[in-house]
Amino acid sequence: MTARPTIRRIVVVAVLAAVLAPRSAAAYLNLSVDLRGQTVRLRWGSSPIRWFASNRGAPGVLAADFQAAAARAFATWQAVPSASLSTQFVGFTSASPLFEDGISTLGFENRPELDRVLGATDFTLDTVTGEIVESDIFLNSAFTWSVSAGGSATAFDVQSVATHEIGHFLGLGHSALGETELRPDGGRRVLASGAVMFPISFGRGNTADRELQPDDIAGISDLYPSSTFRAQTGVLHGHVLRGGRPVFGAHVIAFNPATGQSIAGFVLGDDGSFQIAGLTPGPHVIRVEPLDDADVESFFDGSVDANFSVTFYDRLFVAPKGGAGEQVDITVRPK
Amino acid sequence: MIGRRGHQVGLRPDTTLIVIACVACLTSTAADAQIRAREPGRIEVAGGGGWFAGGALGSSDANLRANSATSSPYRLFTTDTQFGAAPVLEARVSVVLSRRFAVEGRLGFNRPELRTTISSDAEQGNAIAAVEKMNQYMVDAGVVVMLGRPGVGNFAPFVTAGGGYLRQVHETQTLIDDGHSYHVGGGIKRRLFTRDRRFVKSAGVRGDVRVYWLSGGMAFDTDTHTRVAATGAFFVGF
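Top line first, the protein sequences correspond to chains A and B. Following this note's numbering, the numbering of the first sequence begins with 1 at its first residue and continues without gaps. Following this note's numbering, the numbering of the second sequence begins with 1001 at its first residue and continues without gaps.
Just so you know, these hints were derived from the structure itself, not from any lab. Any given hint might turn out to be false.
Stated by the list, open to error - For lysine to any residue, the following SDA-like pairs were computed, each having C-alpha atoms within a straight-line distance of at most 20 angstroms:
no.	chain 1	residue 1	chain 2	residue 2
1	B	K1133	A	T228
2	A	K335	A	D292
3	A	K321	A	A258
4	B	K1133	B	A1203
5	B	K1133	B	R1190
6	A	K321	B	P1040
7	A	K321	B	H1225
8	A	K321	B	S1119
9	B	K1133	B	A1086
10	A	K335	A	S298
11	A	K321	B	A1086
12	A	K321	B	A1219
13	B	K1133	B	T1160
14	B	K1133	A	D329
15	A	K335	B	A1053
16	B	K1133	B	H1225
17	A	K335	B	V1145
18	A	K335	B	A1086
19	A	K321	B	G1179
20	B	K1133	B	G1187
21	B	K1133	B	Y1182
22	A	K321	A	D185
23	A	K321	B	G1084
24	A	K335	B	S1120
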């Protein structure tokens, strides 16, 4: 539907150069940073998480309309029953979302040079605890935007993109649960997506990303678990290997035939290990695929091994109700 | 000749009467014993095995949202899941309430295979079947109604109906699904012997065919699922 592929990237400033090199993940991809030799997942430490809205709108979108759409997007994440997080809109500000100023600001910025970036999120961390102390989101007003309830065929939906960026704001990375095709100009067109946190946006007029998917819900619940989340859901863990060697970056999908839900994670361990949390108890089909549906750097740094064919595990994995199930070691098929 | 003939004629009815009387007596004894074996308070214990049929759990697609509000979901791959048929072991205890009625408790165990066939992968993933074994326990109780006196060959037909508890333990012992079962069925019993004033008062064999409706347990929906079981057992009466 779109004339050009539009990729939402995480813009990381100063201290967060390491954020794009996560070395651990549970369900989904959680952003993390290495502090004093330890991997720390990015998350807010205090509640409610306070945010401001920029008092500058964009063509066709008033600042108040932007704030209302952003508030709905925050409410979507906050409404996840298996997650425990609270956010609060504080007020409008003239501050730019591009500057580190001690307050978390969401707003428009005109960045025509970022011709494939709809929006971006950056963080300021406490380098002792790893907690997020500030996060800012900008939507690129070089594009056309809409806040209408049903979307606009000629504009990107503010609420959908804000929902994606707020996922980053809260500490989530990108999901690879989607399929794309190459475009003649070298970009990618998204064919389908199974997560709001898929890095490539749907096209203009599409409002589907206003609604969280199971993969998003598992990710946010793993990061901010409710009191019952760990006890009610199971964890898949194991290794992906080829010829006995680890396959770094392999994308692992756990599909529950009873619920129709897919939740995914990545091989991020040097030993080929992966872990996916938040699975509904019951049998799951496990599928491993190469990470080839978006730019690798939109997920993490590292030498991703995509030299294998899609492989299904020949056993059903039974997610327990609480805790981890049996370890699953999958040998992928060569290309 | 006439006399001999007359003698023969005279003997034949006697012999016939004796034979008929003996047969009648034996039949009466067996039938009475059968009936006594069904006197209230008597207990029967049975053990045996058979076959528990499988069934379909249904198809399910791994769908992604297509990049269009109007198109169908994007199917990543398709699954089709079956509960396999498996041998079943069972034990029963019956308490006779009257000559016609008994109540019966049953414990059944089998290990069906859960098999999910994967196909139509959007990226040419290998089409395989992913499997696991489950331990399935069924504890149920029911009423047994004997249908008249034992007939030809001492076969006594009966019908039964009841319900119970279903427990399915997944292979890795990390998850238990439970539910309820309801059944109707019928069968025949044949006593091999009966005797009074002994601890073991009777023994025999029985065959059962039951239709089960399983509610809950491992399922992709909230519907009840129908299964058929055919079993045979050896029983002892006390």
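Tested hints:
About 29 angstroms separates the Cα atoms of K1133 (chain B) and T228 (chain A), which puts this hinted pair outside 20 angstroms; it is violated. Between K335 (chain A) and D292 (chain A) the CA atoms are separated by roughly 13 angstroms; this keeps the pair inside 20 angstroms, and the hint holds. Annotation: proposed proximity of K321 (chain A) to A258 (chain A) holds, straight-line Cα distance about 15 angstroms (limit 20 angstroms). For the given pair, K1133 (chain B) sits about 35 angstroms from A1203 (chain B) by alpha-carbon distance, which is inconsistent with the 20 angstroms threshold.
Annotation: proposed proximity of K1133 (chain B) to R1190 (chain B) is violated, straight-line Cα distance about 35 angstroms (limit 20 angstroms). Between K321 (chain A) and P1040 (chain B) the alpha-carbon distance is near 47 angstroms, which puts this suggested pair outside the 20 angstroms criterion. A threshold of 20 angstroms between alpha carbons decides the hint, and for K321 (chain A) with H1225 (chain B) the separation of about 24 angstroms lies outside it, so the pair is violated. Restraint check for K321 (chain A) and S1119 (chain B): not satisfied, since their Cα atoms lie roughly 28 angstroms apart, outside the 20 angstroms limit.
Our distance criterion of 20 angstroms between C-alpha atoms is met by K1133 (chain B) and A1086 (chain B), whose separation comes to about 10 angstroms. Distance check on the hinted pair: K335 (chain A) and S298 (chain A) sit about 24 angstroms apart at the alpha-carbon level, beyond 20 angstroms; violated. Distance hint between K321 (chain A) and A1086 (chain B) is unfulfilled; the C-alpha atoms sit about 27 angstroms from each other, more than 20 angstroms. This hinted pair checks out: K321 (chain A) and A1219 (chain B) have alpha carbons roughly 16 angstroms apart, not beyond 20 angstroms.
A threshold of 20 angstroms between alpha carbons decides the hint, and for K1133 (chain B) with T1160 (chain B) the separation of about 30 angstroms lies outside it, so the pair is violated. Only pairs whose Cα atoms come within 20 angstroms are accepted, and K1133 (chain B) paired with D329 (chain A) is accepted, the gap being roughly 18 angstroms. For the hint linking K335 (chain A) to A1053 (chain B), the alpha-carbon distance of about 40 angstroms lies beyond 20 angstroms, and the restraint is violated. Our distance criterion of 20 angstroms between C-alpha atoms is met by K1133 (chain B) and H1225 (chain B), whose separation comes to about 19 angstroms.
At roughly 64 angstroms between alpha-carbon atoms, K335 (chain A) and V1145 (chain B) are farther apart than 20 angstroms, so this suggested pair is violated. Our distance criterion of 20 angstroms between C-alpha atoms is broken by K335 (chain A) and A1086 (chain B), whose separation comes to about 38 angstroms. Taking the CA atoms of K321 (chain A) and G1179 (chain B), the gap is near 16 angstroms; set against the 20 angstroms cutoff, the hint holds. With a CA separation close to 30 angstroms, the supplied pair K1133 (chain B) and G1187 (chain B) exceeds the 20 angstroms bound.
The straight-line distance between the Cα atoms of K1133 (chain B) and Y1182 (chain B) is roughly 23 angstroms, outside the 20 angstroms bound, and the hint therefore fails. Our distance criterion of 20 angstroms between C-alpha atoms is broken by K321 (chain A) and D185 (chain A), whose separation comes to about 47 angstroms. The suggested pairing of K321 (chain A) with G1084 (chain B) is violated, with an alpha-carbon distance near 24 angstroms, which exceeds 20 angstroms. For the hint linking K335 (chain A) to S1120 (chain B), the alpha-carbon distance of about 18 angstroms falls within 20 angstroms, and the restraint holds.
Taken one by one, the earlier hints fail for this structure at numbers 1, 4, 5, 6, 7, 8, 10, 11, 13, 15, 17, 18, 20, 21, 22, 23, listed in ascending order.
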